[in-house]
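Colleague: Model the full assembly from the supplied sequences, consistent with the hints where possible.
There are 2 protein chains.
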Amino acid sequence: MDYVLYYWPGIQGRGEFVRLAFEEAGERYVDVALVPEEQGGGAAAMMPFLQGGDVARPPFAPPFLKAGRNLIGQTANILLFLGPRLGLAPRDAAGKLWVHQLQLTLADFIVEIHDTHHPLGPTLYYEDQKPEARRRTTEFLAARLPKYLDYFERVVERNRGRGPWMVGDKLTYVDLSAAQVIEGLSYAFPAATRKALAERPRLAKLRDAVFARPRIRRYVASKRRLAFNNDGLFRRYPELGG
Amino acid sequence: MDYVLYYWPGIQGRGEFVRLAFEEAGERYVDVALVPEEQGGGAAAMMPFLQGGDVARPPFAPPFLKAGRNLIGQTANILLFLGPRLGLAPRDAAGKLWVHQLQLTLADFIVEIHDTHHPLGPTLYYEDQKPEARRRTTEFLAARLPKYLDYFERVVERNRGRGPWMVGDKLTYVDLSAAQVIEGLSYAFPAATRKALAERPRLAKLRDAVFARPRIRRYVASKRRLAFNNDGLFRRYPELGG
Chain A
914 MDYVLYYWPG
924 IQGRGEFVRL
934 AFEEAGERYV
944 DVALVPEEQG
954 GGAAAMMPFL
964 QGGDVARPPF
974 APPFLKAGRN
984 LIGQTANILL
994 FLGPRLGLAP
1004 RDAAGKLWVH
1014 QLQLTLADFI
1024 VEIHDTHHPL
1034 GPTLYYEDQK
1044 PEARRRTTEF
1054 LAARLPKYLD
1064 YFERVVERNR
1074 GRGPWMVGDK
1084 LTYVDLSAAQ
1094 VIEGLSYAFP
1104 AATRKALAER
1114 PRLAKLRDAV
1124 FARPRIRRYV
1134 ASKRRLAFNN
1144 DGLFRRYPEL
1154 GG
Chain B
914 MDYVLYYWPG
924 IQGRGEFVRL
934 AFEEAGERYV
944 DVALVPEEQG
954 GGAAAMMPFL
964 QGGDVARPPF
974 APPFLKAGRN
984 LIGQTANILL
994 FLGPRLGLAP
1004 RDAAGKLWVH
1014 QLQLTLADFI
1024 VEIHDTHHPL
1034 GPTLYYEDQK
1044 PEARRRTTEF
1054 LAARLPKYLD
1064 YFERVVERNR
1074 GRGPWMVGDK
1084 LTYVDLSAAQ
1094 VIEGLSYAFP
1104 AATRKALAER
1114 PRLAKLRDAV
1124 FARPRIRRYV
1134 ASKRRLAFNN
1144 DGLFRRYPEL
1154 GG
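Protein chains in written order, with my numbering: chain A, 914 to 1155; chain B, 914 to 1155.
Quick list of simulated restraints, FRET-style, between CB atoms:
| id | chain 1 | residue 1 | chain 2 | residue 2 | range |
| --- | --- | --- | --- | --- | --- |
| 1 | B | 947 | A | 1074 | 33 to 39 Å |
| 2 | A | 981 | B | 1043 | 48 to 54 Å |
| 3 | A | 981 | B | 1024 | 27 to 33 Å |
| 4 | A | 941 | B | 952 | 56 to 62 Å |
| 5 | B | 1152 | A | 1074 | 48 to 54 Å |
| 6 | A | 981 | B | 914 | 31 to 37 Å |
These are computed hints drawn from the structure, not numbers from a lab. Note that CB positions come from ideal geometry on N, CA and C, so glycine has one too.
Modeller: Now the structure itself:
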């Protein structure tokens, strides 16, 4: 199947969760964000899908995926679709739902991570909401970060499968996403995340195991992998703490 | 199948999206929030699943559903599971993904609606973040509410099926959820929502069509349906505007 991924150029963002799945599976895909605008790529390529009058099932926002004749939006929904096709989901229906449930919980976590620097919403610049960002970050680091990490640590702990994974004996897409979130947190809040991982060895191990996968290592070392930066979900603003 | 829904007592909240699906389908379910604690219901009944050491696949937060031997968390995931079983989802795989995608976009919208009264996060009281709530609400009403409502209006418009629905010729669970969100917005921001719906006739029609369904009417008139209140997702604080 022909896979074409649409996402904002210049950031990892939510597109990265989809990229990691393709990369781990060794599946070919076109990453439109990496195609220059002159060659029909970039942000301009997304606009017909978001605004165009002739798309029957328009996505609300990127990332979205063209997979043959399907157009699929919402990160977790894209992974729900790709998981079985890329060999990154359990085979049984209950397992598929469980992995998806964890992915949706990660999605909730990501919104809260994002909102540390944008508590007053996505329509204002960070610079216009700095004192509020500081207050929200303080609450986030004190209460929400531990709550989510404790939860995911428990999920790994209760998994009866062998290995460092969340579900069963095999890596699934939610392991890739969880490792990416931990990596993003390490960029945004290095000291707080180091401390948090020291107390949650299973999550530290899961992150290490994901980034030690041969294909993931090759991807991270490649030019295709963008660096974290302060335009994405995870941002490093030392004045916020962490 | 035996269905048992777990959610916080006293509010509609996210549990309501699941309730509306059961009610529309005429399916029997136990709503644990309505069972007194003395009879094993209420908030206490949820705790073993959230904190207990013997739950293999613990949910992060309510709502969650026991369906036979399955334990399923995350509202959109519960509806993904229930949709086909209750006759509230398309039969084809692409249609199922599309309805789910719309449900996830509603979920994003709901977080932003919630954050109008809790911009600094869920760990602080509303009373401790009133000026921030006012700023976030102003932005929400000016930019985000129109953006989401325009999107869903367009989805109904582009649906080639007959009737007022979002997907195909038949009501699906996302129509129920969208109608509930519009109803919640009418409670929280009555003037702004009235104006917004006057400009988006398809959404107004969809909401009316859902709440005119015989089973939904009976449910809304019953004691099982709680009133909106200022402990839930949708809150009426006149000082915030709207």
